[in-house]
Amino acid sequence: MVVTFGELVLTEVASAPVLQLDNRITNIPINRYPPFFIDEIIAVKIPLHKVRLSNGYSVKSNHMVDPQPVFTIRDLNFYYGAVRALSQISLEIPPNLITALIGPSGCGKSTFLRCLNRMNDTIPGTHIEGQIFLKGMDIYSPDVDLALLRQKVGMVFQKPNPFPQSVFDNVAYGPRVVGLTRNKKELETIVERSLRQVALWDEVKDALNENALSFSLGEQQRLCIARLLAVQPEVILMDEPASALDPIATLRIEELMVELKQNYTIIVVTHNMQQAARVSDFTGFFWLGELVEFSPTANMFTRPEKRLSEDYITGKMG
Amino acid sequence: MSPGIRSVFDREFDEVRVKLAGMTKLVDVAVERSMNALAERDTKLAKIVIDGDLEINKQRFQIEEDCLALIATQQPAATDLREIIAILYMIVELERMGDYAAGIAKTVILMKEEPLLKTFKKIFKMAELSRQMLADSMQAFTNRDPVLAQEITDRDNKIDELYKIVFLRLLKIMAKDPDMVTRCTYLMWCAHNLERIADRVINISEQVTFMTTGTLKEFE
Numbered sequence: 075m076v077v078t079f080g081e082l083v084l085t086e087v088a089s090a091p092v093l094q095l096d097n098r099i100t101n102i103p104i105n106r107y108p109p110f111f112i113d114e115i116i117a118v119k120i121p122l123h124k125v126r127l128s129n130g131y132s133v134k135s136n137h138m139v140d141p142q143p144v145f146t147i148r149d150l151n152f153y154y155g156a157v158r159a160l161s162q163i164s165l166e167i168p169p170n171l172i173t174a175l176i177g178p179s180g181c182g183k184s185t186f187l188r189c190l191n192r193m194n195d196t197i198p199g200t201h202i203e204g205q206i207f208l209k210g211m212d213i214y215s216p217d218v219d220l221a222l223l224r225q226k227v228g229m230v231f232q233k234p235n236p237f238p239q240s241v242f243d244n245v246a247y248g249p250r251v252v253g254l255t256r257n258k259k260e261l262e263t264i265v266e267r268s269l270r271q272v273a274l275w276d277e278v279k280d281a282l283n284e285n286a287l288s289f290s291l292g293e294q295q296r297l298c299i300a301r302l303l304a305v306q307p308e309v310i311l312m313d314e315p316a317s318a319l320d321p322i323a324t325l326r327i328e329e330l331m332v333e334l335k336q337n338y339t340i341i342v343v344t345h346n347m348q349q350a351a352r353v354s355d356f357t358g359f360f361w362l363g364e365l366v367e368f369s370p371t372a373n374m375f376t377r378p379e380k381r382l383s384e385d386y387i388t389g390k391m392g
Numbered sequence: 055m056s057p058g059i060r061s062v063f064d065r066e067f068d069e070v071r072v073k074l075a076g077m078t079k080l081v082d083v084a085v086e087r088s089m090n091a092l093a094e095r096d097t098k099l100a101k102i103v104i105d106g107d108l109e110i111n112k113q114r115f116q117i118e119e120d121c122l123a124l125i126a127t128q129q130p131a132a133t134d135l136r137e138i139i140a141i142l143y144m145i146v147e148l149e150r151m152g153d154y155a156a157g158i159a160k161t162v163i164l165m166k167e168e169p170l171l172k173t174f175k176k177i178f179k180m181a182e183l184s185r186q187m188l189a190d191s192m193q194a195f196t197n198r199d200p201v202l203a204q205e206i207t208d209r210d211n212k213i214d215e216l217y218k219i220v221f222l223r224l225l226k227i228m229a230k231d232p233d234m235v236t237r238c239t240y241l242m243w244c245a246h247n248l249e250r251i252a253d254r255v256i257n258i259s260e261q262v263t264f265m266t267t268g269t270l271k272e273f274e
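Residue numbers (this note's numbering), protein chains in the order written: chain A, 75 to 392; chain B, 55 to 274.
Keep in mind that the hints were calculated from the coordinates and are not lab data. Do not rely on the hints blindly, as some may be mistaken.
Stated by the list, open to error - Restraint ranges, calculated between C-beta atoms of paired labels, are given here: (1) B:Thr269 x A:Ser317: 37 to 45 Å; (2) B:Thr269 x A:Glu384: 33 to 41 Å; (3) A:Gln348 x B:Asp96: 47 to 55 Å; (4) A:Ser128 x B:Thr269: 45 to 53 Å; (5) B:Glu182 x A:Glu384: 45 to 53 Å; (6) A:Asp140 x B:Gly268: 43 to 51 Å; (7) A:Glu384 x B:Gln129: 13 to 21 Å; (8) B:Glu182 x A:Lys134: 50 to 58 Å; (9) A:Ser128 x B:Glu205: 51 to 59 Å; (10) A:Ala318 x B:Gln129: 17 to 25 Å; (11) A:Asp320 x B:Phe273: 40 to 48 Å; (12) B:Glu182 x A:Ser317: 35 to 43 Å; (13) A:Glu266 x B:Ser61: 58 to 66 Å.
These numbers come from a predicted model, not from an experiment. Where is the CB? At the ideal position from N, CA and C, for every residue including glycine.
With these hints in hand, go ahead and build the complete structure from the sequences.
Put into structure tokens, the structure is as follows:
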């Protein structure tokens, strides 16, 4: 007898029951409350792509994850003038997952995030040591095209910052500047697809010419994400993307992040530890410019490896 | 809050529920097999039950781990929180039931080829009732049905009655024929284990009641 619980399959092997995870059944919709009666066959989809990442950790995911890192950071030091804001940061950021960076104010997590698309270049008196590779490309090498880098590695900010233009023009801005499209039809396709990706299309499809600033903050933030998706990035950096939003709008952004990770790598800086716990696959804890710990999120919040992480997560310091 | 806004949590929670159903199935099969082994004097089958207990223990730790991660990362509240706490208790009960089944299987091996005492249909009746109680308690859990949970606890009296009958009858046999003492003692262990299994089901029913009503109450 075989009892199937989605991909959890109970099989009789050598006449002893053995539970095993099995990949055979996919695309069966989740039953929220499956009938548990023991002899019934139950189908529930359980995510089952197991990937061993190059950083040594295994993840299981609904979608395929490339084991190679999207970002490799080696011995990164960052200075504001003579002040060292980041010291000796080395880590690998896995693709198509959500990485959260947590830590108290001033710990360097936002500075680190801005290093990843060279946003810090605009601040006078700063300099950087070490290397950051985006899929093997050294992003601080002199011949890097900054516009292209920021197209590939887009950023969402704390406060929604749509242009004071129509919804359509906001989303069309990037493709127009970069020259992604040949005609209006293509542009319209991109705008619609981007707005659909952030689950905003149904709300705004009849208001594409309205000023973006007339929408709620939650909608504006999703619009900003759509604007970014329109130029087809690989990585989305988010700096406190939900801290200006109410709890429901926050949950919507978190859900959106989970949707988006199938196609994009997301790195999010957050003050909100619970948000990091809820949404991310990996968590990095920064303290005084150092990366104290980088672990799978479930591990970080149940059995952190470092005492300092434990004290911060449990609110004993910070 | 609109449904589906916490899809990560919902999915991970479903996974735990499914694993719980799987673990329950393993325990139920273990009890069934230990009784078959007893009826047939099948030491091979008994060995399978004993080895299978490792898998039950493994499942318990796996589910415990998952619940821990859910609590730490998803901040469940109200019904969700109560359900996770209930599951944490339930897996301990299930694991102990697995141990009792393995205990019966060990007794089967100790008894080896000794002939079966013929009058012990009542022991098998105890097993049958306990298994039905287990299945129903999981049904009560799935359907969030505190009435069914309460109703299951009433059935424990029947198990206790049967246990008493078996116990007295075995005593009588032992008093009459000292050669039967070993065999009767083994059977008494089996009956005792079944009685304990039913008690563990009652604990599960208590958890279902807590989960559905928020009230902690001990069933007699």
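A quick look at each hint next to the structure:
| no. | hint | result |
| --- | --- | --- |
| 1 | B:Thr269 x A:Ser317: 37 to 45 Å | holds, 39 Å |
| 2 | B:Thr269 x A:Glu384: 33 to 41 Å | holds, 35 Å |
| 3 | A:Gln348 x B:Asp96: 47 to 55 Å | holds, 53 Å |
| 4 | A:Ser128 x B:Thr269: 45 to 53 Å | holds, 51 Å |
| 5 | B:Glu182 x A:Glu384: 45 to 53 Å | holds, 50 Å |
| 6 | A:Asp140 x B:Gly268: 43 to 51 Å | holds, 46 Å |
| 7 | A:Glu384 x B:Gln129: 13 to 21 Å | holds, 18 Å |
| 8 | B:Glu182 x A:Lys134: 50 to 58 Å | violated, 39 Å |
| 9 | A:Ser128 x B:Glu205: 51 to 59 Å | holds, 55 Å |
| 10 | A:Ala318 x B:Gln129: 17 to 25 Å | holds, 21 Å |
| 11 | A:Asp320 x B:Phe273: 40 to 48 Å | holds, 43 Å |
| 12 | B:Glu182 x A:Ser317: 35 to 43 Å | violated, 59 Å |
| 13 | A:Glu266 x B:Ser61: 58 to 66 Å | violated, 24 Å |
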